[in-house]
Each structure stands twice: as C-alpha cells, then as structure tokens.
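Enquirer: Heads up: the protein sequence lines correspond to chains A and B, in order. Sequence positions in the first sequence follow numbering that gives the first Met the number 0 and run 0 to 198. Sequence positions in the second sequence follow numbering that gives the first Met the number 0 and run 0 to 263.
Hints should not be assumed to be uniformly reliable.
What the hints assert, rightly or not - Calculated pairs, DSS-like style, for lysine-lysine (alpha carbon to alpha carbon, straight line, at most 30 Å):
1. B:Lys60 <-> A:Lys59
2. A:Lys59 <-> B:Lys75
3. B:Lys171 <-> B:Lys71
Bear in mind the hints are in silico, worked out from the structure with no lab data behind them.
One letter stands for each residue in the lines below.
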Amino acid sequence: MASNSAASKGRLVALEGAAGPELVPSGKRLLDQLLRGRDEGGVSSFDASGIFFELRKGDKEIPQPSPRTLVLLYAADLMFRLRWEIRPALEEGMLVVAAPYVDTGIAFGKAAGLPKRWLVELFSFAPRAEQVYRLKEKREISGWKFKRSQGYLEFCCKTLIASSPAWHPEELRERLLGYLDALERRGGCQTATEKILGR
Amino acid sequence: MSKSPDLKSHRENEDRLRELIRRQESKRGLLIAFEGADGSGKTTQRKLFKKWLQTSNHEVKSFRWASSPLVKPLIKARKGAHSLSPQEYCLLYAADFRHQLEIKILPALWAGKMVIADGYLFTGLARDGARGTNLNWALNAYSPLFWPDVAVYFAVSAETSRQRVASEKVPKYYDAGMDVTNIDDPYESYRQFMTRLNQEYQALASIFQMTTIDGELSIYEQHRTIRQLFREAGKRPWADWNIDAMVEWLGRQLQTPEAQLGIE
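This is chain A alone, in the form it adopts within the complex (with noise of 0.2 Å):
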C-alpha cells in the first residue's frame, strides 16, 4: 500500500519513544513549543481506539498474543487514530504531535526479532511525518518497574513475560532504544532535547 499523503494543510510532528508514561507529557510540551501560541493543534496518544483497554480487561486465561500479533494491534490502533484524531485535525489545519507513531511500532517489532521489511510495509498506510523527535531516555535503569496500562512497550513486555520467562524486558526495551539510536544516526529522528520542548 502506497504512504498515504497527509495531503492536508495541517502539520503532522512525531514523538517516538520506549517510556509510556512520558510521552503525552512530553508531547503536550513539544506541541505548546511548536504553536508558541499560534493556531491551533493536539496530541493523538497510543491506545486512541481503546484495543489494549479492552485487552487489558479480558480473560485472563487467555493464550498471550506473540510480537506479530501485537504489533498488528498496534496498527489497527494507529490506523484508527489517523481516521478519527490526526487527519481530520491535520485537514482543519491543525498541528497534531502524534506520540508515539510508526517508529515505535516497528522499533518494538524490530526489538522483538520481526522482520524489518514486513514492519515498514504494515505501516505503510501511514502518511510521513514532517519531523520526528525521540524522547530523551535514560540508558541505564535497573529493576524497572512497569504496569501494561503505561503504554505500548510496557503493555507488550507485560504479555510477552506472561507468555514465556524468555523475554527480557529491559533486553526489549534497550533494542527498541538501539532502533530509534540508529535511526537517530540516519538522520531519521532528532532527541527532543529539554531546549526542544522548552523548559
């Protein structure tokens, strides 16, 4: 499937990164930077379409999704998140920070051992953003305590350590980290650096 042009007057900005819980804070931040008080924008945030929600709240016993699945999940939450949220605000014109987009999406495939050329080709349908920024991260953290309803990758280490010990979580997040690092090095994402979001 071709990317779709966002084709519209609007701006479409990306923040990328492994932290849940900072993402929206820190996208509130980069959109109040980028509108200094002009026009007019929002944040569309990971789970928009309520799919994790409602896996959180189901059974249980259920068998535990794998990496495919869950990353097919995501873009189903994606893909409704640019029907509802991001293209009719990008079409009125509207500034939209979407945190997180299609690099966290496949920063975590890639992290979970999928391949490359079927993550890019999933998210195919969504329109480039104009820039994309990546959460400042600390490397190091030791005994990290999460819960699934944070975000993305804390939803996805929950269920994968659920379905087997093998999974590391820390191992997982620190491979996403090193996808958006060699993205970064690419030129394909910039830090948004404290000086970035404003202080």
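Dock chain B against the given chain A, drawing on the hints supplied.
Expert: Below, chain B alone, put in the same frame as chain A:
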C-alpha cells in the same frame, strides 16, 4: 567479514529450529482449508468431513474463521458500532488469524492432528479485496503465510448465497458489505457484495491453485469429491514460507521442554 556473536547465534538457533521441523515433517498433521462465501456449504462439508476423518481414526481439530478468544471480542464490538474502515477490518482479522494460527493450528499440526479450517487465509483476503484493500498490503499483513495442504473453494452464485443466508437471517452490516456498497437494503447490498466477493475468490482460487467444487451440487456429491481430494493429496514437504511461519512459532516455544513438543 566476521559475523557478530548475536547474528551468529541467531543463525545457529534458526538452523536448529529448521532441523527440528524437518525431523517432525513425517509426523505432522495435514491442514485442510474450506473456503467460500457465506451459504456456500463449507460448514456442512466441514462437519461431514470431520466425522469421516474421525471414523478413519484421525485425531481432528476444527478451526473457524475469526474466532480467536483474544481478538474476536474486539472485532465484535467494533462491527456492532459500524466503526471499522476496510484497513482496520483487515488488520484486526489478520491479528485474529495470527493468534489462532499460533495457539491452535500450528500446535495441532505439530502434534500430528488433522486440522480442518472453516474459512482460512483466503476468506480474509477475499473480503479485503472485495472492500478495495490492496491485495499486496493485505498479504503482507497476513504474513508469514501458512499454506494449507488442501484448499477447497466452494463456488456458489451470489444469488444462491443470498437465498441461503436470507432464509435464516438478515445479513449483518459488514457481512452484507454495507460499509462499502452504500446500499441501505441489507439483502441487495449482500447480493452485490457477494458478486464482488465471488470475483475475489475466483481470482484467489486461480492464483493459489485451490480446488474448486461446485457448491450447488448435492451435499453428498461434494463430500465424495472432498474425500477423493484428501486421498490424493498425500503428505508433501512444507513449503519454505510454511517453514518460516513454523520457525517463528517454534522459536517462541524454546522455553518449553522439547519433550513436551514431542521432539525426541
């Protein structure tokens, strides 16, 4: 250039999985997929065929399209709210398919059971195609593909399908394709959508070399043809893409003691 330790161990692990799969080939079960529009008779044939296999001392598992206990409730809620776009429809059904493949179909085949799928991969692809979704993108969403050993397409006309379904119930919004036909009458929408769906099925049956059975023949005649197909099918080595899907599934079972997977 030397390989990095990670890459080397990954390759070694994958080679080991492929060897395990090769050793399991002779003990694996067969996957038989029944495809066709609603009202084409595939469920009747699935039940008959299952009974026949069981009387021939096969252990049989049935699989119904879109019945993952994890994803089905998500789809049901969204279909009820008429809130799915064609692409969301494809992604959620692909997630449902993947979950079922991994928790039901592959474990059963690995354990040597016969699996009869009442609607399989082609059901998703045909419906996506009929909704105008790009086939290559949809195929990617369903990848890695896992090919059935026998794939049967029950061909019926749109009118026969409409009559059979309408005799029991009013076609539901998405089953009638009302999300894409823009027709308010569910029966007329269903008939038009079935015409599109049949075109997709026929194309898929041709591309993927499914065996077409005339779904308007008598139930017994169809059943007899299926038995014949099964006898002739035999067990062939899995295709490369099936092995790719199996490697991905088996790789996640690594923490399971190999004896539990039936590996000697």
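Enquirer: Holds or violated: are the alpha carbons of Lys171 of chain B and Lys71 of chain B at most 30 Å from each other?
Expert: Distance of about 16 Å is within 30 Å: holds.
Enquirer: Just to be careful, I want the Cα atoms of Lys60 of chain B and Lys59 of chain A compared with a cutoff of 30 Å; is the pair within it?
Expert: holds (24 Å)
Enquirer: Is the Cα-Cα distance between Lys59 of chain A and Lys75 of chain B 30 Å or less?
Expert: Since the Cα atoms of Lys59 of chain A and Lys75 of chain B sit roughly 19 Å apart, the hinted pair holds (cutoff 30 Å).
Hint check: no violations occur; every hint is consistent with the structure.
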